[in-house]
Every structure is written in C-alpha cells, then in structure tokens.
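Full structure from sequences and hints, please.
Taken in order, the sequence shown gives residues 1 to 138; the numbers are from the numbering used here.
These are computed hints drawn from the structure, not numbers from a lab.
Do not take every clue at face value.
To be verified - Label pairs and their calculated CB-CB ranges:
1. Thr93 - Ala56: 28 to 34 Å
2. Pro99 - Arg68: 17 to 23 Å
3. Pro99 - Ala134: 43 to 49 Å
4. Arg75 - Ser35: 47 to 53 Å
5. Ser35 - Arg117: 56 to 62 Å
6. Gly76 - Glu36: 31 to 37 Å
7. Ser97 - Pro137: 27 to 33 Å
8. Pro99 - Ile43: 36 to 42 Å
9. Asp89 - Gln127: 26 to 32 Å
10. Ser113 - Ser35: 40 to 46 Å
11. Gln122 - Arg68: 42 to 48 Å
12. Ala101 - Arg77: 53 to 59 Å
13. Val100 - Ser35: 40 to 46 Å
14. Thr28 - Gln122: 21 to 27 Å
Unchecked claim - Below, computed lysine to any residue pairings styled on SDA-like, alpha-carbon distance capped at 25 Å:
15. Lys110 - Gln120
16. Lys110 - Thr51
17. Lys119 - Ala109
18. Lys119 - Thr51
19. Lys119 - Leu44
20. Lys110 - Ala56
21. Lys110 - Gln131
22. Lys110 - Ser45
23. Lys119 - Asn49
24. Lys119 - Ile48
25. Lys119 - Ala56
26. Lys119 - Ser45
27. Lys119 - Arg39
28. Lys110 - Asp66
29. Lys110 - Cys26
30. Lys110 - Gln122
31. Lys119 - Gln131
32. Lys119 - Arg42
33. Lys119 - Asp40
34. Lys119 - Ala101
35. Lys119 - Cys132
36. Lys110 - Gly58
37. Lys110 - Arg72
38. Lys110 - Arg52
39. Lys110 - Leu47
40. Lys110 - Ala60
For every residue, glycine included, the Cβ atom is placed at its ideal position computed from N, Cα and C.
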Amino acid sequence: MIQNKTGDSSMRPALFILPFAVLTACATPREQCISEVTRDTRILSSLINETRANLARGYAIEQEQDVRTIRRTCRGRNDDGTTFTFRCDETDTFTTSVPVAIDLNAERAKLESLEERFKQSQAASNQAVAQCIALHPE
1 MIQNKTGDSS MRPALFILPF AVLTACATPR EQCISEVTRD TRILSSLINE
51 TRANLARGYA IEQEQDVRTI RRTCRGRNDD GTTFTFRCDE TDTFTTSVPV
101 AIDLNAERAK LESLEERFKQ SQAASNQAVA QCIALHPE
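Here it is in structure tokens:
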C-alpha cells in the first residue's frame, strides 16, 4: 500500500479542482467562461473514468485516513544558556489506498447513467462554449 502524508480529509477533490483554480486565475475572460461552463462535463468525465477503472479491476479504491503520533526528543535552551531535552510529539495524518468490494451490476448501472448524463452535459457545454466565444471574442 502507498502512504501519503496529508492533513486534509478532502484532499482528493481539492487536488482535482486546484489546477483549474490556478489556471482560471491567469486565464482570459473567455477562458474563464469556457472553464466555468465545462466544469460539470469535466467532473462527469472523471467519474466515468473512475467507474470504468473500478469495473476493470473488479473493486474500488478508497482513501482511508490514519492519524499517528510520532514521538521525538527535542532540545531547548534555557535563559542561562544550558540545554535541556524534552518530549515533543508530532501528529501526522497518513492517507492509505484501500481496496473495497463493489457490486459490479450497480457499478455498470452507475456507468451507464454517468455516460448518459455526460452526453447531455456535453451538448449543453457545447452551446455554452459558443456563447462564451460570442461574448468574449479574442
């Protein structure tokens, strides 16, 4: 199992959205508009890819948080210049990927539903992108 050090239980969604937030900060008004109107389509695409991967593996992968206290010995200095040692514990949060059983029939139904919603979202996004281009010509 791979362990990553993190302090935020919502790290995965944040990592997905963070690049878009950074890009939109530097984007032109047209790019910002397009990014905003295609957001749902990008999210659905990501969910479709995750569901397909679950079906291919036969199981899902979930992230579990584990909080651990790491005991350390630290040194300090008194006003008179002498040093002393003391226990200084650190609390770290580790995220571990864990396989989870899934209902393959339910996962197939979910994939079908997501793909249908993606088609609808894609059609709406295409129209909205055309409006963004009309509103913000470059």
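Each hint tested on the structure:
Distance hint check for threonine 93 and alanine 56: the Cβ-Cβ separation is about 30 Å, which falls inside the suggested range of 28 to 34 Å. Our hint of 17 to 23 Å for proline 99 and arginine 68 holds, since their Cβ atoms are close to 22 Å apart. Separation of proline 99 from alanine 134 is about 48 Å and conforms to the stated range, judged on CB atoms against 43 to 49 Å. Between arginine 75 and serine 35 the Cβ separation comes to about 50 Å, which falls inside the hinted range of 47 to 53 Å.
Checked against the given bound of 56 to 62 Å, the beta carbons of serine 35 and arginine 117, roughly 20 Å apart, lie outside it. Restraint check, glycine 76 to glutamate 36: a C-beta distance of roughly 52 Å breaks the suggested window 31 to 37 Å. Roughly 46 Å separates the CB atoms of serine 97 and proline 137, a value that falls outside the hinted 27 to 33 Å. A C-beta distance of roughly 24 Å is found between proline 99 and isoleucine 43, which places it outside the suggested range of 36 to 42 Å.
As the Cβ distance of aspartate 89 to glutamine 127 is approximately 57 Å, the hint placing it in 26 to 32 Å is violated. Roughly 25 Å separates the CB atoms of serine 113 and serine 35, a value that falls outside the hinted 40 to 46 Å. Take glutamine 122 and arginine 68: their Cβ atoms lie about 44 Å apart, and the range 42 to 48 Å holds. Against the hinted window of 53 to 59 Å, the Cβ-Cβ separation of alanine 101 and arginine 77 comes to about 55 Å, which satisfies the hint.
A hinted range of 40 to 46 Å is violated for the C-beta pair valine 100 and serine 35, which are about 32 Å apart. Between threonine 28 and glutamine 122 the CB atoms are about 23 Å apart, so this pair conforms to the stated range of 21 to 27 Å. The suggested pairing of lysine 110 with glutamine 120 holds, with an alpha-carbon distance near 15 Å, which does not exceed 25 Å. For the hint linking lysine 110 to threonine 51, the alpha-carbon distance of about 8 Å falls within 25 Å, and the restraint holds.
For the suggested pair lysine 119 and alanine 109, the alpha carbons sit about 16 Å apart, so the restraint of at most 25 Å is met. Of the pairs offered as hints, the one joining lysine 119 and threonine 51 holds, with about 16 Å between alpha carbons and a cut-off of 25 Å not exceeded. Restraint check for lysine 119 and leucine 44: the C-alpha separation of about 10 Å stays at or below 25 Å, so the hint holds. Distance check on the hinted pair: lysine 110 and alanine 56 sit about 14 Å apart at the alpha-carbon level, within 25 Å; holds.
As the CA atoms of lysine 110 and glutamine 131 are separated by approximately 31 Å, the hinted pair breaks the 25 Å bound. As the CA atoms of lysine 110 and serine 45 are separated by approximately 13 Å, the hinted pair is consistent with the 25 Å bound. Restraint check: the Cα-Cα separation between lysine 119 and asparagine 49 comes to about 15 Å, which is no more than 25 Å; the hinted pair holds. For the proposed pair lysine 119 and isoleucine 48, the alpha carbon gap of about 12 Å is at most 25 Å, so the pair holds.
With a CA separation close to 22 Å, the supplied pair lysine 119 and alanine 56 stays within the 25 Å bound. For the given pair, lysine 119 sits about 10 Å from serine 45 by alpha-carbon distance, which is consistent with the 25 Å threshold. Taking the CA atoms of lysine 119 and arginine 39, the gap is about 14 Å. The hint holds against a cut of 25 Å. Between lysine 110 and aspartate 66 the alpha-carbon distance is near 29 Å, which puts this suggested pair outside the 25 Å criterion.
Straight-line distance between C-alpha atoms of lysine 110 and cysteine 26 comes to about 36 Å, which puts the hinted pair past the 25 Å bound. Taking the CA atoms of lysine 110 and glutamine 122, the gap is about 18 Å. The hint holds against a cut of 25 Å. For the proposed pair lysine 119 and glutamine 131, the alpha carbon gap of about 19 Å is at most 25 Å, so the pair holds. Using a Cα cut-off of 25 Å, the hinted pair lysine 119 and arginine 42 holds, with the two alpha carbons roughly 12 Å apart.
Of the pairs offered as hints, the one joining lysine 119 and aspartate 40 holds, with about 11 Å between alpha carbons and a cut-off of 25 Å not exceeded. For the given pair, lysine 119 sits about 28 Å from alanine 101 by alpha-carbon distance, which is inconsistent with the 25 Å threshold. Taking the CA atoms of lysine 119 and cysteine 132, the gap is about 20 Å. The hint holds against a cut of 25 Å. Restraint check for lysine 110 and glycine 58: the C-alpha separation of about 14 Å stays at or below 25 Å, so the hint holds.
For the hint pairing lysine 110 with arginine 72, the CA-to-CA distance comes to about 48 Å; that exceeds 25 Å, so the pair is violated. Our distance criterion of 25 Å between C-alpha atoms is met by lysine 110 and arginine 52, whose separation comes to about 10 Å. For the proposed pair lysine 110 and leucine 47, the alpha carbon gap of about 10 Å is at most 25 Å, so the pair holds. About 13 Å separates the Cα atoms of lysine 110 and alanine 60, which keeps this hinted pair within 25 Å; it holds.
Taken one by one, the earlier hints fail for this structure at numbers 5, 6, 7, 8, 9, 10, 13, 21, 28, 29, 34 and 37, listed in ascending order.
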